[in-house]
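Q: Below, each chain spelled out in residue letters.
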Amino acid sequence: MAAKFGTQEWYDIYKEEINNSKAYEEAAKTWEGDFYFITKKGGPVKEPIVGYVDLWHGKCRKAEVVTDMKKYNPEFIIEAPYAIWKRICLKQLDSTQALITKQSKLMTGSRGTMAKIMRYTKAANELTNITARIDTEWLD
Amino acid sequence: MWTFSCPIIAYGDYALEYIAQIQGKKAFIVTDKNIVSLGLLKLVTDQLDAVNIKWQVFDEIEPEPSLATIKKGGVAVGLYQPDWVIGLGGGSCMDAAKAIIILLVQPDLDPDAIIASDTYNFREKAKLMAIPTTSGTGSEATWAIVLTDADNQRKIGLGTTECTPDVAILDPVMVEGMPPQITADTGMDAVCQAIEGYVSTWGTSITEGPGLVAAKQAFQYLPKAYKDGKDLEARKEMQNAAILAGLSFGNSMAGLGHSMGHALGAMYHIPHGRTVGLFLPYTMEYLINGSEETTAKYAEIACFCGVASGSNLECAKALVAKVRSLLKEINQPLSVEDCGIDKTQYEASIPDLIDRALNEVMTMTVSRVPGVEDLGKIFRYAYEGKHINF
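Same order as they appear, the protein sequences are chains A and P. In terms of my numbering, the first sequence has 81 at position 81, counting the first letter as 1, and numbering is strictly consecutive. In terms of my numbering, the second sequence has 43 at position 43, counting the first letter as 1, and numbering is strictly consecutive.
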């Protein structure tokens, strides 16, 4: 049964899929860092959807929908409108191309650096591959 | 949505005189000491003087510029407050100018925090001009900034589409004295970028055209420019090939040759064009062995360049052979061993080389994405000069 995009149920499946992925585990075996994935308000999204994902040595330690942005202080924040996230998740749009064309926005938190995130392009690609495998009920 | 960025290109004899047409009061020139001593800086400042544009020079750019040098340039540009920033030199100087102009509006920014998705609006203060003194990097037409993280011995690819220069000036006088070795190194960068830009999975018909013409011109004119630097037709056509290749790969993406070349270059301090040119034929063979789509595109290049005719596979293989014969003709290394790297040291560094190459965006924009095992094999085959058979 499909999980609705942006719900805790969806993030639970995302966490499970990440932790079952050998390709991600290999690509991210030295990665230590966490993210907010923010879906901006607009269209079918009435309030911003904020997903917190904590990734550590090839595994996902936590994947949680948060309502209070102050709850965590992640290293990286990626923000995009719903339509862009949908295209990225369905692999209709490359996540790097989305950044280059400014359709999505990457922000580094207090500890994150571009030099760090750019050393893990392969892992980022695997994370997108994983979202494409989730049976998702879209909001539109 | 995808975009195509391109500067105004002033080219041909006396192209430097385009400077007389710009509007401005103060220019900040980012260059290196070698350009100054060769008298190339004076050719530019004479033009600025002629139209009463004041100028200041920052000539501290080193090959593979470090983050610290960019910070220093950022302080200097902030003090001078120009309305033009001019990158004068090879790719390092032009890339440095792109980063420094961002620091003009965000002086506290760490250069490695320049993010593709951000907008810096530096044109509210200054415009960006690029004047290449080599023919190959294509930096004069791209938004990419390659800097060196000296602490981690890594090249960092940064930039935003905003960093595409407003103006690129290609005057043959700036390259006619370029030594043969630099002509060969940078020229192979253009060949690699033309071919990789053409076959990039991010490419479109808009980026294919420049790549195709760039490949044809580079195959024809690079040997001539290498053998006779005073051949101005060859020099001009190589300038054109370089910027066309830049427009192609800069608006699509380079490929595996660049990923592997970046890794080797950063670890062993070998010029960028030499390393990407070295890996180009090996990575082409790897793609031919696993991707009909890219094989067909190589065949298109081969046919357009008059290299071969026949089946896609025959043409694609002929293109690889053409690249190898070009490398030989201009005395470029055909194997990693030819670069003088010790085999034991190289073997020990392969895991690190793989890690670096694997995590380049350019590894993801080819039609056959290698994993750890295949990358390791390509690195090993390239050491010995063995053709890729897997």
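Certain hints may be false.
[Said to hold, decoys possible] No more than 20 Å apart at the CA atoms, straight line, and that leaves these computed lysine to aspartate or glutamate pairs for DMTMM-like:
hint, chain 1, residue 1, chain 2, residue 2
1, A, LYS102, P, ASP118
2, A, LYS102, P, GLU162
3, A, LYS116, P, ASP112
4, A, LYS22, P, GLU64
5, A, LYS116, P, ASP355
6, A, LYS116, P, ASP151
7, A, LYS105, P, GLU329
8, A, LYS116, P, ASP374
9, A, LYS105, P, ASP118
10, A, LYS105, P, ASP151
11, P, LYS377, A, GLU137
12, P, LYS377, P, ASP338
13, P, LYS155, P, GLU64
14, A, LYS29, P, GLU64
15, A, LYS29, P, GLU373
16, A, LYS40, P, ASP374
17, A, LYS22, P, GLU373
18, P, LYS25, P, GLU64
Just so you know, the hints here were simulated from the structure itself, not pulled from any lab data.
Q: All hints are to be evaluated individually against the structure, with a verdict given for each.
A: Hints and how they fare:
no.: 1; hint: A:LYS102 <-> P:ASP118; result: holds (7 Å)
no.: 2; hint: A:LYS102 <-> P:GLU162; result: holds (11 Å)
no.: 3; hint: A:LYS116 <-> P:ASP112; result: holds (10 Å)
no.: 4; hint: A:LYS22 <-> P:GLU64; result: violated (36 Å)
no.: 5; hint: A:LYS116 <-> P:ASP355; result: holds (13 Å)
no.: 6; hint: A:LYS116 <-> P:ASP151; result: holds (12 Å)
no.: 7; hint: A:LYS105 <-> P:GLU329; result: violated (46 Å)
no.: 8; hint: A:LYS116 <-> P:ASP374; result: violated (25 Å)
no.: 9; hint: A:LYS105 <-> P:ASP118; result: holds (7 Å)
no.: 10; hint: A:LYS105 <-> P:ASP151; result: violated (27 Å)
no.: 11; hint: P:LYS377 <-> A:GLU137; result: violated (42 Å)
no.: 12; hint: P:LYS377 <-> P:ASP338; result: holds (18 Å)
no.: 13; hint: P:LYS155 <-> P:GLU64; result: holds (8 Å)
no.: 14; hint: A:LYS29 <-> P:GLU64; result: violated (29 Å)
no.: 15; hint: A:LYS29 <-> P:GLU373; result: holds (16 Å)
no.: 16; hint: A:LYS40 <-> P:ASP374; result: violated (40 Å)
no.: 17; hint: A:LYS22 <-> P:GLU373; result: holds (15 Å)
no.: 18; hint: P:LYS25 <-> P:GLU64; result: violated (30 Å)
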